[in-house]
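> Listed here are the chains, written in short residue letters.
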Amino acid sequence: MSYCAAVADVRLTSLTKVFDGVTAVDDVSLHIADHDFMILLGPSGCGKSTLLRMIAGLEDPTSGDVLIGGARMNDIEPKQRDVAMVFQSYALYPHKTVQANIEFPLKVRGVSKPERAEQALHAATTLGLSEYLDRKPGQLSGGQRQRVALARAIVRRPAVFCMDEPLSNLDAKLRGETRAELVALHARLASTFVYVTHDQVEAMTMGTHVAVMSRGRLEQVGTPQEVYDRPASVFVAQFIGTPPMNVLPPGLADASRYIVGIRPEHLMLETTAAVRATVSLVEHLGHETLVHARITDRDEVPAVVARLEANGSAPGVGDEVGLAFPATHLHRFDPETSRRIDDRSAVSAAPGAPAGAGVGVEERA
Amino acid sequence: MATSTQPHGWRLAGRYALLIGVAVLVLFPIWVMVVGAFKPGNKVLQDPLLPTSVTLDTLRQAWRDGNLGRSLVNSTVVALLVTVAQVVTSVLSAYAFAFLKFPGRTFVFGVFLATLLVPFEATVVVNRETIQDLGWLNSFQGLAVPFLATAFGTFLVRQVFLQLPKDLREAARMDGLGHLGFLREVAVPLARPTLGALALFGFLSSWNQYLWPTVISTDDDWDTVQSGLRTLSQAQIDKPNLVIAGTVIVALPIFLILLVFQRQLVRGLTAGAVKG
Amino acid sequence: MSRRWRDAPLAAAFLAPSLAVLGAFVLYPLGRAMWLGHQRCDATGGNCQSNGWDQYIGVFRSDEFQQAFSVTVRFALLTVPVGLALGIGLAVLADKHLRGMGFFRTVFSSTVATSVAVASLMWFFLLNPSVGVLADWIGGVAKDPGLLRDESTALWAVAVSSIWANLGFTFIVVTAGLQSIPADLYESAYVDGAGGWMRFSNVTIPMLGPTLLFAGVVLTSRAFQSYGEFDLLTGGGPNGSTTSLTYLVYGNNSIIKNNDGLQAAVAVLLFLVLLVLSILQIRGVERRVHYGN
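Protein chains in written order, with the numbering used here: chain A, -8 to 356; chain B, 441 to 716; chain C, 4 to 296.
Interface residues of chain B toward chain A, partial, derived using beta-carbon atoms under 7 Å: (1) D607; (2) A611; (3) M614; (4) L617; (5) L630.
Since the hints were derived computationally from the structure, they do not count as laboratory data. In this text, all values refer to a predicted model and were calculated from it rather than measured experimentally. For each residue, glycine too, the CB sits at the ideal point set by N, CA and C.
Please model the entire structure based on the sequences and the hints provided.
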């Protein structure tokens, strides 16, 4: 395997993994282009980590293929795949210094001592660790340990970087800073990034593409904007976006037989609208106001949320309001499959999006 | 213990008195022996508590008559063999149980467990027969071979290995380490304190063995220090001072070693007792 | 299929040394002893004929075995409870942070450095009627014929030496157990108004459960397997009053010493007795042991 693959794209075909009768990954096909920053997004237990581990070589697929750079990697050990992994808990060797930790992959490959030290220094400097080379992981803060884990991964200059929720153990502020640094790192290195997270903010801000997973299946693949603007299923619609998209049973928002979704920022409160609701909660967030309302006589429907500007025009709790659903912002989903129904006349196509984009599971070039 | 009131005044004095009293009781036999060891033969009965006359002659003679030089060598060689072997075999089997997956693992584990239930005394008869058939009756191998592996050591090290974070093994895999590399670079270094305790414990157990050397060494030259004491006490039954001196000489090395390695000792002994 | 067996060759290599030794010197002897126990051989060890289970029953019924069994059980009953109680007492005594406590702790642990031979010989001379200091001080039967030579006192005397020798071990183990009891349990009891003794019986003893169980099991198995003490202190006498089960098998005075079959039968019975004991002890106390969090 070449040290720096010319093409480091990852292609998964019909990948399935079963553990003791539990299907963790169910027939997933995905193409991650060379130098892409692909986010595997989903709630815990959706199979994203298992998928990542199959790319890295830590798990063997039950069926299906993993190809890296065009070569089939199913039975190949991680060390021969030219893949590096950053673990959620960093997995640093506690008894080795920071320098020894970073150098270690090179040591295993027989790189000479001076050469190792130089490359380790380079990686450490890139991540701002040059002062800590003689310390042991136990003497470092969480953020510093995370960087050591990153340095250890980049020192190999691998074709593919796998990262398993690397930011989840950091506090909020550090998380924000590190997000930006990771994006910068990706731009600088010539590697493909495959990044697992359950945090949609990370997914939306960092990735060039997002693969949303649920219960082992791939729900949708697309750019962050595509996934937001044209969710391919009810699950994706409700997973992306805060507050989540309002999802209504058929017949409420329009006369069709489809499940309808509308984002809080598009839901309008009009006194004369046909659908009536009672305000249950008003949240003043300073820059905006969120109004929660329960639809009259439809107690089984969860409260809908509308996003208003914070200009004092919000209704009070208990007020009766009318809900308007502008047709241009409606998302329609099949009641049986929960998958998106594409109606080009009803939904405005995102500018420049190819025809049929975003529906179902597809390979993306 | 509770950080509540420390004793003071009379209670403090009382506690110290009790401590000193018990210490005296515990040290009493040792003191008497040490004093007696330095007494010349004809004075051993006088003033048993006070070193009224001090000489090295008794010790020297005990050394000669008890063949203590030779038996010390025997004990040391055997104990070292056993210690090193126990650490190596325990580490290897512990690794197999902790990190390798293979069919029948539970069964083999059960076999190890079962050996813990078999008291050594029950196996001595047959083991002697085996050693005799091999022609190892008076030899280092005869003394050491039955103890080159221990299930207790395996479990101890396995416990440590199991407590290593799982992703450490995976990170090592990603870095390119196979099992042998992981064992050498990560598992063993991280298990070092426990291995130290195991080594000390193994050394101690081997050194203090009484039944086995007594049973298989028919030649006095092949006595260990413990069975050598027995030989000495039977040979010099009318010269108690020599036996006393011999006992003190034999006891000394272990006292010194344990003084130095107190921490490892405590760790080894309590490995099965305290949770966590 | 091959994935299940991927690690197998390496595992076999790693396990082989331990299995070879344990198999040859623990499991094989047990099996063979059981088989030998079936046999009855003549004085030279030849002409062995299988006796079936009768031999075991015969041994079990013999006077010597029953006496040795009684001796061993009584020895355990003498040494284990007293040993545990003393260990707890010393550990509690030394558990405060006072000046010089390190010295006392070292002293109390010191007997762990004595081997069976060393400790037994120490006490042999203390109790020896002609040269022993203690024999002098106690007087009476201690001087003539000596505590170790009098049938009614011999076992007690050996017990004292054994308790002394094990004190260090028990002290170390119980001290470690004490140190693992969280301080806030004591503080909470203190706030509730519990005095010293109440705290001891309601916090210390229950929380020491696993530790005491461990120490108890070790002490009991040592008691049942004791050999050196009897060999050096009393030679199994007088009149077999200090012949333990192990001494019966290997001691000089045993008339069955030269008969491998009988020897093996006793060895197997010893194993079974110990097995039952371990199970009983662990089961019986386990229910009342608090394992903390």
